[in-house]
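Each protein sequence line maps, in turn, to chains E and B. Per the working numbering, the very first residue in the first sequence carries number 483; after that it's consecutive. Per the working numbering, the very first residue in the second sequence carries number 483; after that it's consecutive.
Rather than coming from a laboratory, the hints here were simulated on the basis of the structure. Errors might be hidden in some of the hints.
[As the list claims (entries may be wrong)] Simulated coverage check for chain E against chain B, where a stretch passes if three residues somewhere in it have a Cβ under 8 Å from a Cβ of chain B:
(1) 493–506
(2) 544–556
(3) 595–602
(4) 613–627
(5) 668–681
(6) 700–713
(7) 776–790
[Said to hold, decoys possible] Partial list, derived from the structure: chain B residues whose beta carbon lies under 10 Å from chain E:
(8) Met592
(9) Met729
(10) Asn754
(11) Ile823
Think of the CB as a built atom: it goes at the ideal place given N, C-alpha and C, for glycine as much as any other residue.
There are 2 protein chains.
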Amino acid sequence: MSPDRPVRPELALRPAIHTLPTSRIREISRLGVGLPGVIPLWFGEGDESTPKFITDAAARALAEGRTFYTPNRGIPELRAALAVYMSGLYGRPIGEDRVTVTASGMSAIMLAMQCLMDHTGNIVHVTPLWPNFLGDVTIMGAEPRAVPLGERGGGWVLDLERVFAACDDNTRAVVVNSPSNPTGWMMTNEEQSELLAFCRRRGIWIIADEVYARIVYDRHHAPSFLEVAEPEDLLFVVNSFSKSWSMTGWRLGWLTTPAALGPTLEMMNEYNVAGAATFAQHAGVVAVREGESYVTHLVERYHRARDLVHQRLSGMRRVRMSAPDAAFYAFFAVEGMRDSIAFAREVLFEGKVGLAPGAAFGSTGEGYMRLCFASSNELLSQAMDRIEPLLS
Amino acid sequence: MSPDRPVRPELALRPAIHTLPTSRIREISRLGVGLPGVIPLWFGEGDESTPKFITDAAARALAEGRTFYTPNRGIPELRAALAVYMSGLYGRPIGEDRVTVTASGMSAIMLAMQCLMDHTGNIVHVTPLWPNFLGDVTIMGAEPRAVPLGERGGGWVLDLERVFAACDDNTRAVVVNSPSNPTGWMMTNEEQSELLAFCRRRGIWIIADEVYARIVYDRHHAPSFLEVAEPEDLLFVVNSFSKSWSMTGWRLGWLTTPAALGPTLEMMNEYNVAGAATFAQHAGVVAVREGESYVTHLVERYHRARDLVHQRLSGMRRVRMSAPDAAFYAFFAVEGMRDSIAFAREVLFEGKVGLAPGAAFGSTGEGYMRLCFASSNELLSQAMDRIEPLLS
Numbered sequence: 483m484s485p486d487r488p489v490r491p492e493l494a495l496r497p498a499i500h501t502l503p504t505s506r507i508r509e510i511s512r513l514g515v516g517l518p519g520v521i522p523l524w525f526g527e528g529d530e531s532t533p534k535f536i537t538d539a540a541a542r543a544l545a546e547g548r549t550f551y552t553p554n555r556g557i558p559e560l561r562a563a564l565a566v567y568m569s570g571l572y573g574r575p576i577g578e579d580r581v582t583v584t585a586s587g588m589s590a591i592m593l594a595m596q597c598l599m600d601h602t603g604n605i606v607h608v609t610p611l612w613p614n615f616l617g618d619v620t621i622m623g624a625e626p627r628a629v630p631l632g633e634r635g636g637g638w639v640l641d642l643e644r645v646f647a648a649c650d651d652n653t654r655a656v657v658v659n660s661p662s663n664p665t666g667w668m669m670t671n672e673e674q675s676e677l678l679a680f681c682r683r684r685g686i687w688i689i690a691d692e693v694y695a696r697i698v699y700d701r702h703h704a705p706s707f708l709e710v711a712e713p714e715d716l717l718f719v720v721n722s723f724s725k726s727w728s729m730t731g732w733r734l735g736w737l738t739t740p741a742a743l744g745p746t747l748e749m750m751n752e753y754n755v756a757g758a759a760t761f762a763q764h765a766g767v768v769a770v771r772e773g774e775s776y777v778t779h780l781v782e783r784y785h786r787a788r789d790l791v792h793q794r795l796s797g798m799r800r801v802r803m804s805a806p807d808a809a810f811y812a813f814f815a816v817e818g819m820r821d822s823i824a825f826a827r828e829v830l831f832e833g834k835v836g837l838a839p840g841a842a843f844g845s846t847g848e849g850y851m852r853l854c855f856a857s858s859n860e861l862l863s864q865a866m867d868r869i870e871p872l873l874s
Numbered sequence: 483m484s485p486d487r488p489v490r491p492e493l494a495l496r497p498a499i500h501t502l503p504t505s506r507i508r509e510i511s512r513l514g515v516g517l518p519g520v521i522p523l524w525f526g527e528g529d530e531s532t533p534k535f536i537t538d539a540a541a542r543a544l545a546e547g548r549t550f551y552t553p554n555r556g557i558p559e560l561r562a563a564l565a566v567y568m569s570g571l572y573g574r575p576i577g578e579d580r581v582t583v584t585a586s587g588m589s590a591i592m593l594a595m596q597c598l599m600d601h602t603g604n605i606v607h608v609t610p611l612w613p614n615f616l617g618d619v620t621i622m623g624a625e626p627r628a629v630p631l632g633e634r635g636g637g638w639v640l641d642l643e644r645v646f647a648a649c650d651d652n653t654r655a656v657v658v659n660s661p662s663n664p665t666g667w668m669m670t671n672e673e674q675s676e677l678l679a680f681c682r683r684r685g686i687w688i689i690a691d692e693v694y695a696r697i698v699y700d701r702h703h704a705p706s707f708l709e710v711a712e713p714e715d716l717l718f719v720v721n722s723f724s725k726s727w728s729m730t731g732w733r734l735g736w737l738t739t740p741a742a743l744g745p746t747l748e749m750m751n752e753y754n755v756a757g758a759a760t761f762a763q764h765a766g767v768v769a770v771r772e773g774e775s776y777v778t779h780l781v782e783r784y785h786r787a788r789d790l791v792h793q794r795l796s797g798m799r800r801v802r803m804s805a806p807d808a809a810f811y812a813f814f815a816v817e818g819m820r821d822s823i824a825f826a827r828e829v830l831f832e833g834k835v836g837l838a839p840g841a842a843f844g845s846t847g848e849g850y851m852r853l854c855f856a857s858s859n860e861l862l863s864q865a866m867d868r869i870e871p872l873l874s
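The following block holds chain E by itself, in its conformation from the complex (with noise of 0.2 Å):
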């Protein structure tokens, strides 16, 4: 079965599913299955298990017996949680009526998709960019209209023009995910707020993925559009437990929105998976309100590790990369690299490192490869003495 064609045509499907982007990332780790000794780097996952004290909230909530259904948006406890630690995170006041938790960040993305898309619309976004906002686009029937970051000076830009030149009457959401998986690019305060100034004008929504909010190496938290919006603007903004807290298995998310829009996310949470497992809110209650010193652990071993990788890499005569300041991935130019899928493979076989190929991220990726750094100093030595005849 091709990878390009899941399903076969007689399975009478809808044409767009048949179409459905399949992962690349996995098309490569599926081939690493078996293989003895491979470091996997592949995908965007912390190694670190949750820590003892979130997993002892939840074991207790599930001891207490909380194993019934919850309100739709989520635990008035979680939300008003949520509430707190971004009022004090961006020193603005969101009230808990602008929080909706989800069953992930990846279903917080499903439910403003299928809020905003359908085959009418499109959506504008910045590349490169992690492949699953694709897929919820062309589920929900709509066309995606890539703008390219650029680089310059060793680092990541986002010329604004081109994202306004891409909008158009049918244009429902711009959809930008700041800090950046893969690049680690963020977009600043004042982007943010010339972007929202267009999209009021034009009415259109923005889609704002910051799961990366608390992933940074140069500064206490990435900007976020929360900090330059109103709390009417026509905002989603994505969260995620996964990141900030290693609870990626959870499947804990949530969103921030308009107010209005709450009696709407209550029934798109409903008809959608109905919301998250009720011990996992009550653990994230726990993560949100005591998860400080943990996030503060993190962030400090991903930045030596960033360091590590970022040292290592620079060294190696094909590679051309900044540091990233935010998020756990190095994206690195390969010189003379042209198939990057090929080359997932290459160093797969030869240099046993599982590593990303850029073209996972859209076309603009090319050229490119994705290593994610969340990872013990010792393995990433490791991988990088394994890559570094690939590369030199």
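Following the hints, complete the assembly by docking chain B onto the known chain E.
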């Protein structure tokens, strides 16, 4: 804000989302917030928290650090356990390549809808039907076509000819929820075969919601499409851990489909929620493998509850009902009642009992009320005492 119009038009959402059906059940239950002493029988949820052998398994998985992403179709142990469980239950080999774990039965339905439904298609569904299917049809922009069950000889019956007549070239699927929420109606294996034969000829999918498969009072399990279908038939069977093992708050379900659909469902899970929580999946393995005596206990308890409720309600002058052989609802007609929502309010404010209005289940449901009897006989007796004056 009117409940029928949860969103301000200036929010610029999709027109379909502006007309998203709101929950008539929650409309009533919201009125009950702050009313002391109400007996809540409006939601479809048992009164027992998850049994200890299952919550212990989740706590163990948490302590073991099972907090990372899983494969998108679920952990292999759970898919294997479900394949063994269904093969045993239905006396037919069902391979684990046909099983996809989902983040709830609800999510399973949404994945199926997304595979099949867009603005060019319609879906034929048997009513009365719990309302969430229609939410998903609306979100995907498709047209719903209701085929009502009839009442004959004190029970519910389906005229398959009406289902066939409702299908046309744009029909993508027939939805059957059997055992039915709210009526308890069960489709026979013969009817399932007949529908399957029709759908085979026409290339139409069947989406069978079988989450009440084990909540049956006159047999071991409800008739399942899996007993009569071939592995390649265009069939989504939706199931859930919520009802059989009292795991509503866990968001854990599964889909059984043709194996060829696996790669597609892998991506659909990825683009919706990624999957169910990791430790919840590990607990699911234990539920399926060691939960039979719990299922037996639960069904015996609900059986007694059904007998009590049926006996009491049948004795009330205005009530007409048959004893349901499956699911955990009394769905009864009330003589002289023309507005079930108004009557639900009356029962709430005067009787202090929370019931779901029949109108919540489609226009066929008007004239009826739904009472969830997955509760203690003590509480149910008290509820009967309270509503008796309103129904006599």
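Status of the hints after comparison with the structure:
1. 493–506: holds (count 10)
2. 544–556: Holds: 8 residues of the stretch 544–556 of chain E have a Cβ under 8 Å from chain B.
3. 595–602: holds (count 6)
4. 613–627: holds (count 5)
5. 668–681: violated (count 0)
6. 700–713: As far as the stretch 700–713 of chain E goes, the hint is violated, because 0 residues have Cβ atoms under 8 Å from chain B.
7. 776–790: violated (count 0)
8. Met592: At about 5 Å, which falls below the 10 Å cut-off, the nearest Cβ of chain E leaves the hint on methionine 592(B) intact, so it holds.
9. Met729: With a minimum Cβ separation of about 7 Å from chain E (threshold 10 Å), the hint on methionine 729(B) holds.
10. Asn754: holds, 5 Å
11. Ile823: violated, 17 Å
Going down the numbered hints, you'll see the structure goes against 5, 6, 7 and 11, while the others check out.
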